[in-house]
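Here are the chains, one letter per residue:
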Amino acid sequence: MSEEKKAAIKKIQATGFMRKIMADYFYELDRAAKEGSPKIAWCTSVGPAELLMSLGFLVYYPENHGAMLGSTRKAMDYIPVANSVGYSPDICSYLTSDVGAFIKGETPLSRAYEGIEGVPKPDILVYNTNQCRDVQDWFGWYSRELKIPALGISTYRNIGTITEDTLSSIENQIKGLIPTLEEISGNTFDIDKFRHILSLSYDCTQLWKKVLETNMAKPAPISFFDETIHMGPAVVLRGTETAIEYYKVLLKELEERVANKEGAVEEEKFRIYWEGMPIWGKLRSLAEFFIELKSAVIASTYCNSWIFDSFDPKDPFLSMARAYTEIFIVRDENFKQKYMEDMVKKYDIHGILFHDSKTCPNNSNNRYGMPQRLEKNLNVPTLTINGDLNDLRCYSEEQAKTNIEAFIEQLESK
Amino acid sequence: MSIRLFAGIDVGASTTKAIILNEESEVLGYAVTDSGADFEGAARKVFEKSMEKAKGMSSDKCSVVSTGYGRRNVPFAHSTKTEISCHAKGSYYYYPKDHTLIDIGGQDSKVIKINTSGKRTSFKMNRKCAAGTGAFLEEMANRLKIPLEELNGLAEKAQTNVEIGSYCTVFSATEILTKIRENVPVEDIVKGVFTSVIKRALEMDPMEGNVVMSGGVVAHNPYFVKMFRERIGKDIFVPPLPQLTGAFGAALYANETIGG
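Residue numbers (numbering that gives the first Met the number 0), protein chains in the order written: chain E, 0 to 413; chain B, 0 to 259.
A hint or two may mislead.
Said to hold, decoys possible - Calculated cross-link-like contacts (lysine-lysine; reagent style DSSO-like; alpha-carbon spacing at most 30 Å): (1) E:Lys337 to B:Lys112; (2) E:Lys345 to B:Lys112; (3) B:Lys96 to B:Lys123; (4) E:Lys357 to B:Lys123.
Derived by calculation from the structure, the hints in this document are not laboratory data. Since we're looking at a predicted model, the values are computed, not measured.
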């Protein structure tokens, strides 16, 4: 058929460097788990990682593992295992795929990295419910299973204006973690180390922000689908020099692309905003599909969720409380709407795609009338596709792609 | 004869439809068959049949646009368009005003908003479940052991409307079993099944402005349209050959983009 064209995803040269630092990170964790030192903390992706690092913990992020299970599509082998022991198909499929993999004693890490036999066993589990309640239940399972303490921060949800009361509660909860962390790590809390790591984390996330902002250029140099992969170091290596070094390299490459007017999508016609979780098992397929449609998915709430503008080494506890509370997922509908309106203008977006992720209600922002309000206010069309971050039983490829294609046809006829 | 022809082929989940138009967009022939397991075969079959009806016209001069789930399985098509665009195109041809189009297809239902100049402003498709689609009616007819073509006549005879409430086709089938156990007349159950499909469509998007309906369910069940009309309290326009609205729109695209 005349319309079918070969879609080629342009390779990002920095990928090799990223693979190396991610491999180093996992090998270091594996070594520590085998040797019993340094101690290992499991932490939720927007949890108080900097505090843990300042106390000498190596930090492992189960959500990152969940994304690996999704992108390798192994999640589909493991979700039913967790379902069968009482963890519903309707709850977070990161949780169910990760717990299912643990029950089966398998991990994609052992396929990716020779010599790694399993996930690094934790000495402590630390969560922040700013993501959702499921992270607490997820760590609760491991706590019971491994007989390891789980502790964390309970964040207020659906916040409009952030008040001093809210922040002081979070600040106190962060401080309250320290005695247990000192006991398990065997190290004494050192505020200067904490300040230093927070400062590194800040630098990392500011570089990540600049990476994302290269997509204000036309054509946009990197797709959302590549961003979700290159976000890895901003999640798991923030607070290290390595992550900073990496994002300098990536940023330089993308700035060169911008200078050369080299887009992630050849002949970029439309610029799309992706709201919601990635569909990890379909990243490549969707990336290629959008390239065929000459449409670039160039901005997202998801990838912007690891930018922590408020980190301030001068006031580390309060600024961390603020940074981890002011993120999109914690906020009320009015904040979210304003945020998206600003993003649509900032990136000159033609259409907004909402991914209604079956098992991730907190990251599915189409459910309270947002698409209709944005269409009305911005005169930008929206599309909602049904799917899931990891559970591909909730995703119809044919229906999703027909919807996307029809959406692009709608933009073409506008 | 050297006139140009334009074909639209809609390879749907349940049926495959073809329509042949001349340059004036007059219908010269059309055909419908089950899509079955061989989409390409079904597409060829309806294309050939509809060409036969176009009496003596040469298919060599025919521009073809395919649409529907199997649109990429039509190797002789010159281009493809989604069924959403094609339905909007076909609907606007017969109803050239701003309107809301409801298409109840075999595997999905769609609500499409079209503005005064014929541009699509939004669309919604049903979620994953078959509830609210032709497949739902097929499943329920099968459960009641009633031929599909008898549903319309039965629903017309209903004395009361029973409630089939679930989103889920399997749960709905269970509800029907309950009604059978309670000796509810089959006519009333069938009307309840129709009401269920209508409710699923109404949940998708507000029925603003003028309303047009298309699709196989509409083509074969005029009583369904009557019920829908009563439900929304306004008139509904049904284009000629409502089951072929998508194919017709595809043929219009063939004229516009290939043959024009």
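Each hint tested on the structure:
{"no.": "1", "hint": "E:Lys337 to B:Lys112", "result": "holds (26 Å)"}
{"no.": "2", "hint": "E:Lys345 to B:Lys112", "result": "holds (28 Å)"}
{"no.": "3", "hint": "B:Lys96 to B:Lys123", "result": "holds (20 Å)"}
{"no.": "4", "hint": "E:Lys357 to B:Lys123", "result": "holds (18 Å)"}
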